[in-house]
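Here is how the chains run, residue by residue.
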Amino acid sequence: MALWVTFWGTRGSIPVSLDCASVRDKLASAIVSASGKGLDTQEKARAWVDTELDFAVSHTFGGNSACVQLDAGENEYVLCDLGSGVRAFGNHVFGRDGPSKKNTFHVFQSHVHWDHIMGFPFFGPAYVSGNKIRIYGCHTNIEEALRRQQAPPSFPVPFESLSASIEFVTLQPGRSYDIAGWSVTARLQNHSGDSYGYRFVRDGRIVVYSTDSEHRLDIPDEVEGAAAFFADADLVIFDAMYSLAEAVSVKEDWGHSSNVVAVELCQLANAKHLVLFHHEPANNDERIAQIWRETLRYEEISRTGQPLRVSAAYDGMEIEL
Amino acid sequence: MHVSQERYADALVLTPVGRIDNSTTDGLRSDLGIHVATCLKGSDRLILDFSKVDYISSVGLRVLMLAAKKVREQEGVIVVAALQPVVREIFEISRFNLVFQCFGTVREALGKVSAAALAAYDSAPT
Chain A
-2 MALWVTFWGT
8 RGSIPVSLDC
18 ASVRDKLASA
28 IVSASGKGLD
38 TQEKARAWVD
48 TELDFAVSHT
58 FGGNSACVQL
68 DAGENEYVLC
78 DLGSGVRAFG
88 NHVFGRDGPS
98 KKNTFHVFQS
108 HVHWDHIMGF
118 PFFGPAYVSG
128 NKIRIYGCHT
138 NIEEALRRQQ
148 APPSFPVPFE
158 SLSASIEFVT
168 LQPGRSYDIA
178 GWSVTARLQN
188 HSGDSYGYRF
198 VRDGRIVVYS
208 TDSEHRLDIP
218 DEVEGAAAFF
228 ADADLVIFDA
238 MYSLAEAVSV
248 KEDWGHSSNV
258 VAVELCQLAN
268 AKHLVLFHHE
278 PANNDERIAQ
288 IWRETLRYEE
298 ISRTGQPLRV
308 SAAYDGMEIE
318 L
Chain B
2 MHVSQERYAD
12 ALVLTPVGRI
22 DNSTTDGLRS
32 DLGIHVATCL
42 KGSDRLILDF
52 SKVDYISSVG
62 LRVLMLAAKK
72 VREQEGVIVV
82 AALQPVVREI
92 FEISRFNLVF
102 QCFGTVREAL
112 GKVSAAALAA
122 YDSAPT
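In the order they appear, the protein sequences are chains A and B. Residue numbers in the first sequence follow our numbering, run continuously in steps of one, and reach 318 at the last position. Residue numbers in the second sequence follow our numbering, run continuously in steps of one, and reach 127 at the last position.
If you're looking for bench data, these hints aren't it; they were derived computationally from the structure. Heads up, a few of these hints could be off.
Stated by the list, open to error - Distance condition first, Cα-Cα at most 20 Å in a straight line; then the derived SDA-like pairs of lysine to any residue:
| id | chain 1 | residue 1 | chain 2 | residue 2 |
| --- | --- | --- | --- | --- |
| 1 | A | 248 | B | 71 |
| 2 | B | 113 | B | 15 |
| 3 | A | 98 | A | 125 |
| 4 | A | 248 | B | 96 |
| 5 | B | 70 | A | 215 |
| 6 | B | 113 | B | 10 |
| 7 | B | 71 | A | 250 |
| 8 | A | 248 | B | 10 |
Isolated chain A, as found in the complex (with noise of 0.2 Å):
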């Protein structure tokens, strides 16, 4: 069975959107590198734009902030993380299904902090009579900073009339769940407030959700530990906001971790496909595009064992497992 992983919203800390000027700079790229190509129809220039002009130029990482599906093609849906780009999953779930299907909906939260619950009160399905939403985490405060984000003064619809069933499930961190057909186990990690890794296990697959944590790879029992829930992963989403350089220094203790952490521990955790995820917003495309060459470069030069791969992680990206 296919299952496949759909990234709704990459983003750390607040949504962000191209400004005037980056599309600008886009379209003057791509016109100076469409020069004598000789691409007078629609068909040959959106051809030429999927396969040669760099990813940077002809597309965008997207700006909404963290929600990721895993999809299994089951009639119940799997996400990670209510930020703003659940918003546009629950427009695609109205898109397949129409407004009236019932559906139920399993969401596994990393914490609470906004950019991975804002999306909520702009989720279609949680209004519609019917839906079953089914929101599972570690921490306690779940129900109260989802209510309180749609309590006055802050939005004119309060949590109360959310027509949906929504129910909040607190799961105990290295117990293993059966939820959905997942395997799913929680991990601790080093994050304001504390957050909280997912290892899913279906069918001989492995997706690791690790956003909002602070990877310190010298201290052993983290580094142990990590790999540990890491191991043989075949995808490991992976918070790499920072550089190195700014994790352990101005940044230390912010509690986000970087490229060559992300590589590292994947390596040593023997897994095979790294998406760095949760950009820092202040980087345009073109820096998450260096940053990702940057870290397939790292990926060779720190090589042990077999390639993993690397990928950037943008809204409307999907994985086949």
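Take the given structure of chain A and dock chain B to it, following the hints.
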């Protein structure tokens, strides 16, 4: 990890040898720590000669960051010299090239931090 040292007037050149990773970082930390503690304003300048280092992991870089922070607090001087191409790439990828002043050669670094040290280096028997 072996770290050799050579003095040139008021500069100390520290030369680690080999691969700096989880298994060798403790040695670097202790050797470096001794010299960092005395790297004060107006005292010995430290040159980290990386000509014999062929890899440095994030843990090794963290040791360097702690050293840089400490020296900065003490208003001392610590710089890096003679990075091999791969290690230079690692410095760039990790942005440690923005943390340390990096020089192409030990001589160049000495020339930047101390005229007396450069003179001592140039007059030393090769």
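Hints and how they fare:
Taking the CA atoms of residue 248(A) and residue 71(B), the gap is about 16 Å. The hint holds against a cut of 20 Å. Between residue 113(B) and residue 15(B), the direct Cα distance comes to roughly 16 Å. Compliance with the 20 Å bound is thereby established for this hinted pair. Under the criterion of a C-alpha separation no larger than 20 Å, the hint pairing residue 98(A) with residue 125(A) is consistent with the structure, at around 9 Å. Proximity of residue 248(A) to residue 96(B) is assessed by CA-CA distance (about 13 Å); at most 20 Å being required, the pair is judged to hold.
Between residue 70(B) and residue 215(A), the direct Cα distance comes to roughly 17 Å. Compliance with the 20 Å bound is thereby established for this hinted pair. Distance hint between residue 113(B) and residue 10(B) is fulfilled; the C-alpha atoms sit about 14 Å from each other, no more than 20 Å. Restraint check for residue 71(B) and residue 250(A): satisfied, since their Cα atoms lie roughly 18 Å apart, inside the 20 Å limit. Only pairs whose Cα atoms come within 20 Å are accepted, and residue 248(A) paired with residue 10(B) is rejected, the gap being roughly 37 Å.
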